[in-house]
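Undergrad: Given chain A, work out where chain B should sit, using these hints.
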Amino acid sequence: MNLPYYPGCTLKANASHFEDSAIKAMEILGHQLVEMKDWVCCGTVFSQTDDDLMLHLASIRNLLRAKEQGFDELVTLCSMCYNTLNRSKAFIDSDPDNLKKVTDFMYRENIEYDQDIQVYHLFNILKDRIKYETIEKLVHNPLKSLRLGAYYGCLLVRPKEFAIDDFEEPTIIEDFLRILGAEAIDYPYKLECCGAYQTLTQKDVSVKRCYEILNSAKKANCDAIVTSCPLCAYNLDFLQKEIEKEYVGFVNIPVFYFTELLALALGHTWEASWSELHAVDPLPLLKDKQLI
Amino acid sequence: MKRIGVFICHCGVNIKDTVDVELLTEQLENYPGVVHIENYMFMCSDPGQNQIKAAIEENKLDGVVIAACSPTLHESTFQNVIEEMGINKYQLEIANIREQCSWVHNDKEEATRKANLIIKTALEKLRLNESLSPVSSPMTKRVMVIGGGIAGIQAALDIADGGYEVLLVEKKPSIGGHMIQLSETFPTLDCSQCILTPKMVQLAKHKNIKLYVNSEVEKVEGFVGNFTAKINRKPQYVNPDICTMCGDCIDNCPVVVPSEYDEGLSWRKAIYVPFPQAIPATFTIDTENCLGFDPIACGECRKACKPEAINYDKKPETFEEKIGAIILATGYDLYPVEKMAEYGYGKFPDVLNGLQFERILSATGPTGGKMLRPSDGKIPKEIVFIQCSGSRDPERHNSYCSKICCMYSLKHAKLYKHKVHDGQPYIFYIDIRSGGKRYEEFIQQAVSEDGVIYIRGKVAKIYKEDDKMIVHGMDTLTGKKIEIKADLVVLAQSMIPSEGVNKLIQNLKLSTDEHGFLNEAHPKLRPLESIQSGFYLTGAAQGPKDIPDSVAQASGAAAKVLALMSQQEIYHEPIIAWVDEEKCSGCGICISTCPYGARALNFDGIAEVNEVLCEGCGACISACPSSASQQRNLTDDQINNMIDIILQDNLENSLEKEDMI
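From first to last, the protein sequence lines stand for chains A and B. Heads up: the first sequence is residues 102 to 393, going by the working numbering. Heads up: the second sequence is residues 20 to 680, going by the working numbering.
Since no wrong hints were added, every one of them can be taken at face value.
Each computed DSSO-like pair below joins lysine-lysine, with the alpha-carbon atoms no more than 27 Å apart: (1) B:K366 <-> A:K319; (2) B:K483 <-> A:K309; (3) B:K480 <-> A:K320; (4) B:K500 <-> B:K480; (5) B:K487 <-> A:K319; (6) B:K366 <-> A:K261; (7) B:K504 <-> A:K320; (8) B:K191 <-> B:K238; (9) B:K487 <-> B:K500; (10) A:K309 <-> A:K261; (11) A:K304 <-> B:K500; (12) A:K320 <-> B:K397; (13) B:K400 <-> B:K438; (14) B:K500 <-> A:K346; (15) B:K499 <-> A:K304; (16) B:K499 <-> A:K319; (17) A:K201 <-> A:K168; (18) B:K477 <-> A:K309; (19) B:K500 <-> B:K436; (20) B:K504 <-> A:K309; (21) A:K261 <-> B:K500; (22) B:K422 <-> B:K456; (23) B:K422 <-> B:K522; (24) B:K500 <-> A:K320; (25) B:K522 <-> B:K229.
Read the hints as simulated data drawn from the structure, not as lab findings. Given the structure is predicted, the values throughout are model-derived calculations rather than measurements.
Next comes chain A alone, as it looks inside the complex (with noise of 0.2 Å):
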């Protein structure tokens, strides 16, 4: 089956390995993600505070390319595409006046928004659509012995009307990881905020956030983290030298792709151009647990 994807910019840069380990492991599971044309940047980048309307513009012309092209859905695998394309859905689904400000703006458009089309994170997909007991069944190198820690950060789970799971105690990412054959380690900073784009203006305050989360896993005796944000992903693993300065004693700790433990353990091997885009290495970990 053919799945509308919408990459977002970092899985094009930095995170190309979370793409690629995605779109190999849903070949293995069967579907293609189909790439949807003409996409432009979901919006994030502009800040919320200098202004509310501005941001939404970029994430409703996406959806009206995707309206172009014939999709009813689109499928993201960065949490915070996934957020801010149904946020800006909601703030013109919700409120006759919103739709009008952003139409108002596009004027050279040849076609109009209708609220039908759906934005799923492929958590969803995964879950919902192509269920967790049939990927059980393709699993075919368990992660067995590997102590995971699912990090969800904010963007899965607030606002809560696009929460993919429960927004207090959510457990989609740790049944994932169970299926996978991994052992899923609760620990109490799993929801907390890694500091987001902190991380060029006000380093330290991200360094303490991601310091905090990490060592609230590792305290729970997590082998690895797990995540399914880039941003998040950059901060708690290439901060991790910073915060090896700031703290004393810390311990590097390897941080994944949900997609790349998902193809791992579907049986596609682990590919070296991986490895080169995280910061601590995760191959002394998945060779010590002969996962390959």
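TA: Here is chain B on its own, set in the frame of chain A:
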């Protein structure tokens, strides 16, 4: 034709600002049957009532329409007025032009047109009203109180002291309710058990009170003054007359289950006394957990019982009791922590609810009154109390305020400090609600003398790290995130209607609010009774309440019941169904539709109406295929005439509009 007077009330500006009362008066002046019409600022006032009386006398009126507020407010006021003037009170009709017109509309012209129609329908109905007299029936001078907590106990004692017989029905094996679990009570810190047990003993010994424990009310039939209650009582396996209370049975019972009295913090056997001061003081066998019903499996307690007081063959009993009034004192439970993801779904042993903490504070509790935490028996040095846990949270939990938590959380902190002098209590709060006699002083004293630290904000998350409970919250006064490494956390859980009450309420057909608390007949002026005649409310069954409020309401409801009991006969509204015997075919459809069991076939095969049971709901009337069943003063003819008037107006109106086109 009846000589009818119409009286239009301004209700100050409530009606007059939206409905043109002068125009109405003009429009209806020449309506058939109207011989007098006037409007006045407040018809319900003394001068207003006198005007009505004068008009009745002057114009020899024999029917009155009052166009004013809802009949639930002043129908009886005006009925009294016309009765004083010698007119039957069923010759009065209220046209509700306030709640159903002026309050809900803005357009004066349209509202006036609607008010005109409402009055006309009342006139049409009144034209065919019969003069009726109330149905009377004898008064059963016995009262049933459901629930044996402090509210039920107080109500039962007051009524019994008034000289009437009381049946107290309690679901649990002992009376005492939640109050018997408490350590000390705010704001005086007197021992809860010390003030409650004398009342419990007094109740047990009272010559006018019959106590049924382990019992539940299954069904109530009848009406005020003449109820029949069906009560189920669990089997009494231990004969209290033979039992010597030696306790050999407990020593030999092999089954251990969590104690309800200690809120699961200690254990009890399957044969047990709920607590030392239980009333009645006797052993109970918990049928759900006892193995003795299969004699091969167990039977240890019977073997151990020297006086042979235990008999496993006892069966549950069902019996009926006749009563005249019912007091509902079914109390509360705490909102389950198991529903709260943010506070750990009840999986942490060191996160307690308020009642569990009461047990830890209590001398009869699981720790013998020592301040020790459940997980490892250590003395907690830092303790966090969280108010509004599950309350004032419309998004996730209950929207309402549970009212008593501000005071009891503080009491907990204070009592904790009295036991652990070097300990530090913190209280997370949204607001402090200390409206009550000496309540505010109690709080101020705790802050200044006991060093209780108040933090304004909600706790977002609790989790365990090593042997500490980490409490993540926000201090909204400084805007800072707060993390407290606590040894123990106490949640002031929201109060909810007690478990199992829903079924009872449904069976009794009582009305509740959206949260399941019993509805009072009027939120301000009739807070002690249900809208269903003969049912009275006390305590937390009606809404979250503390002990003083529950006791006050219980005594109030008891006074209401005593006034009712002092009457020899009870009067019943005559607006009920009757049967035109010539039309009735005896099909019996009315019998199956009647929710009150008021319909039956007589010897001639004609469907009769039991006048005291009929509540006048009208179900049988709309179901009757031959129009033989009719409602007094709401006959098909009357309703058709009322509809005709409205349709006629609509027709004229639409013709007018066509003309305009």
